[in-house]
Structure formats: structure tokens, C-alpha cells
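Residue numbers (the numbering used here): 84 to 653.
Watch out, some of these pointers could steer you wrong.
Said to hold, decoys possible - Derived pair list, reagent style DSS-like, types lysine-lysine, alpha-carbon separation capped at 30 Å:
1) Lys-549 to Lys-612
2) Lys-438 to Lys-294
3) Lys-289 to Lys-234
4) Lys-258 to Lys-289
5) Lys-472 to Lys-391
6) Lys-242 to Lys-627
7) Lys-527 to Lys-473
8) Lys-472 to Lys-289
9) Lys-612 to Lys-438
Derived by calculation from the structure, the hints in this document are not laboratory data.
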Amino acid sequence: MPCPRVSQLDIAGDESPTRPLAASLLTAIRALADSTNTLISQVKPLQPQAGSWDKLPVDDISAFLHGTELLTEITSKLQAHAGVLNDAIERIIMTQLVSLGSQGVNEVQRTRAISKMLSHFDERIREIVRDVLDDNGRRDLLLRVAEACYKEAVDPHGKLNIDDYFAALDEAALKRRYGRDFANEQRYEHENRVDVDGNEADSFQKRSERKRAGEERRRSCWYGFWVNALNNIPDGPTLFNPPTNTRFDTIVPRYLFRTFDQFSAGYNSENEISSGASILPSAASRTDIFSLERMIARLMLHRHLEGKPDEEHPDTNLVSWTSSFLYAMQCAIWRRRRFGATRSEIKICMVDTSKFPRGQFARDICLINTYHDRQMDDEAANFFNFRLKKEEYYNGEFLSQGTLNLVDRSCVVSLEGLIEAGIFEMYPEFEDVGGEKLWANRVKALRQIWSSEQKTSDEEIDLSLKIAQECFSSFEALDIACILLTLKDRECSVLKSKSKPCSIDASTDESLTKDLDQFEQRRPKSADKPKEVCRCWTVTEAMKPEEETQNPEALMSIVPAQRTLRETFN
């Protein structure tokens, strides 16, 4: 019975001065666990047999009593030393994280800033480490800890949000300036009188601007540290890390899809999706597109999106995903005819983006807007303009970089599995022989065919839940059913209740109109299009209880999914 935390350490890796000691310690722990199990197996039968030991000599009873006291003492010591060992493990992981995050950081000032921020958040980082370590079934511990820390750092309400550090600095500065009674009202009153003076006001404004600039540098430094840590972990993610002074939309849909087979670029499996550059012996797969020269980054983006690699650059570090299940499904049908792969060989991978660190995925439109400028050649300009302006061909493309670890956050299903579960019964149009010759144009045609509002049968609801349970069992069946049902424009009771204010005189019920506006304003840009993605977001949002609409993971779970869908698609 090895210690869960110790058994997760990599003892057999590269040699270091501490490895012999660590290996010896782990061997001793395992030997102790084995002997403990032997002792437990011998003690277990004692209780039911104790009644037959009435003639046991007093000396033996005394010996047993001494033995139990000895075991109690040893147990207490082991508990204390286990705590020491756990503390050491937490420190080891934190030290490795600091080392990974600091790689390539040569500026002394930046290094000092990071050191101070790490010191401030030390105990909170340890809490995060403990939370991950307590999940004994986890693999890739260092990666999981780094992902958890990064998530808490970028979350406005996270444990590692940098604003907490700034607040502590402000409080310390006030204490240095005024002493312990820095909140004294008379001092603040005096400051207010001084601020009226023009010169003092200008000076105060300049100090405030310098302070804000310094905070932005530290904020960028803090985010960059955790991105660097993730990027430097072996087989870790390569995150999109745009400059903090740019308006780059980082919001992505909850679910994304990727269709692949043996002819697809890169490496694609149930546990990992990697770019073409990732399988080459170079460091290109660990390089964020935002760290490249602008011209090189634009060329790589154009080459990938257009799907036309050149001889000089046969593989890019980008991988395509889509927010549209319709687009992914038609791609699977098209690839069967185009490349000759069998239905069982063609797969659709579905990922839950909420389980990945922020920056794992980026919207194609956001990247195009970033690298769209007057210095482009005509070919790139024409292609980018087409992608930006031809909305009928927009299919919700998102990109990832490098390698994606899919364990515990994805489902992979074959085209054959979807067909057997009933996707062709639910949407017979997918089975159209003529439709398998086309991809984007077929998707465009299906959107048009399914754009008129229609009723939903009980059979369609049952099929949507059947497909969800048989093909995407790792995810909420209600989520999957909504994705499938909203491929078509359907009559929807919850949408009618949300759109009701449109038919009411605003003067008689302004609050309802305001509620509708707020509902529409909540929709992120990533859910504006394609049409089926917009419909799905609207339906799932409208289905949430009013008090839970601010929680992105809150869905009606009390009412059975089948009943909920029937009430929704009335």
C-alpha cells in the first residue's frame, strides 16, 4: 500500500544528487506498507476469536498490551513524518513550478517582481497543490497543478488574482506613510484640501498613472510566468498569450469539435491531439504564435487556414476545431468519400473547453484581425477578407497550438458509432448520397434547409438523448441533446418567453424589454454565429433558472432531461 503522493513522484528519471535518497525512501515506504498489510491480515481474525482465548497466560496479555502501545506510538510518529513528507512534496512541486516559469526570464527587475508575487501567494499556491495531490487518481501532476494555478491567476475572483497583491501593496504603503492609524479621518481630510491645489493635483495624477503602468507590467509578468510554466512542462500545452494591451477575445464556447482520421495532419488519438509541427524534432511546437515575428505569424496563420502548406513549411503548429457539430459531422461524411477512410476510422473528438486553461483555444476571426494589415500581400488580403466578410461560410473555427492532452476532458466517437446511435434517423439529410461530395457548401445548404421554424417530435428528443448517452457519455446528456436539436430552427417555449417583450408595448412593460436586452447582451461573440451555435447558446441559457444564469455551468439538473427537453421544445 504505497503512499499515494510519494508513488506519484518520478523517481526513475534523470539522475540528480537527491535521487538515490528518494529511491531508497520510496523502497522503505513500500516495504513498510507491505509489512503493515501483513500485520492487518493477522489482526483481523482476533476479534471474533477473542472469546476462545480465555486461558491465555497473563504474561502474553501483557506482551500484547505492550505491542498495542508500541503500535500506537509508531502510528503517531508515522503520522507526523507523513506530514513532513507531504510538506516536502508540496515544496518540491512548487520549486519545479518556479523553475519552469522562470526559464528564459533574464531581467533582474522582472525576476524580483515574480519572486515577491510568489512570496505573497505562497500559502494559496500550496493549497492548490494540495487540492491536486489529494485527487489520487490524477496523472501528469505537474501539468495539472500548473493548469490549476494558471486558472486561479487569470480568474478575476481566483485565489491567485494579482489584484489581491496590489491591494496588499497599497495597504502597506499607507501604513508606512501614516503609521497604524492610517485610516484617521483628519489625515484624509487634509489630503482632500491639498489635492485642490493645481500643482498637487497634477502631481497626484502623474503618480497614479505611473502606478497603473507599473501594475500593468506586473500583471503581464504574473500571467506570463504561469504561461511560461505551462509551456515548459514536457508535453504541456502551448497557450495563446496575446499582449495584455491588446483587445483579444479569449472567450470560447463550452464545447468544440474536431473531425479526424488516419489521413489528418498531425497526431490524433483519443488521448492526445497534436499539430504537425509537434511530431517534428524541433522546438516549433512550443512556440506561441504571438511570440513570432508578425510576418512569419501571418504567413503561418494564412497557410493553415487556407489548408495549403508549401514545401518549405509543410507543417504548422496550429490545429483546427469548430464550435459547429453540423460542420464537424458533414466533414466526417465528406472525408469518407474524399479519402476513402471507413466509418469506423473517421472520428469526431469533442472537448470541454472549461477543463482547459485559458488561452488553449483562440478564435480564427480574432487571430485574423490581429494580423490583418496593409503590409499583407494580395493573396493573404483576399483570403482574410473572405473569411471576415462571407458569413454564410463561417463555421465557427477555433485553433489550438502544439499538443493537447485530452485525458478526462473529451469524448471521441466514430462516424459509425454516431450512425448506429441514430444520427441518420434524426437527420436523414446527412445520408443523402449527393451530399457526401461536398463539405462547406453542403453545410451552407443544410443551414438553409433547416432555417424555417418547425416542431419537434418525441422521437427526435429520444434520439438526441440516445446519441448523447451512447456517444458522448462523459458529458451532460442535456448539453449534447441541445446541441443536436438546435441544428434545426425549432419552436421553443423558453425562447418565446424570452422574446415575448418584443410584442408588448414598451410603455406598459419596460422591465420585460430590459430583461430581454440583458439576456441578448450576455451572449459572447463566439456564440453569435454560426446560426446553430447561436441557437444552442440561446436555448441553454434560457433553460437556466433565473438565479443561476450567471453560473456558466448551471443547468437544470433536477428535472429529468427528457421532460426538460419536451417542455423546452414544445
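Each hint tested on the structure:
Annotation: proposed proximity of Lys-549 to Lys-612 holds, straight-line Cα distance about 27 Å (limit 30 Å). Distance hint between Lys-438 and Lys-294 is unfulfilled; the C-alpha atoms sit about 35 Å from each other, more than 30 Å. Between Lys-289 and Lys-234, the direct Cα distance comes to roughly 33 Å. Violation of the 30 Å bound is thereby established for this hinted pair. Among the hinted pairs, Lys-258 with Lys-289 is consistent with the structure: their alpha-carbon atoms are about 22 Å apart, no more than 30 Å.
Annotation: proposed proximity of Lys-472 to Lys-391 holds, straight-line Cα distance about 21 Å (limit 30 Å). For the proposed pair Lys-242 and Lys-627, the alpha carbon gap of about 27 Å is at most 30 Å, so the pair holds. Our distance criterion of 30 Å between C-alpha atoms is met by Lys-527 and Lys-473, whose separation comes to about 11 Å. Note on Lys-472 and Lys-289: the hinted pairing is violated, with a Cα-Cα distance of about 43 Å set against a maximum of 30 Å.
For the proposed pair Lys-612 and Lys-438, the alpha carbon gap of about 23 Å is at most 30 Å, so the pair holds.
Violation of the numbered hints given earlier is confined to hints 2, 3, 8; the remaining hints are satisfied by the structure.
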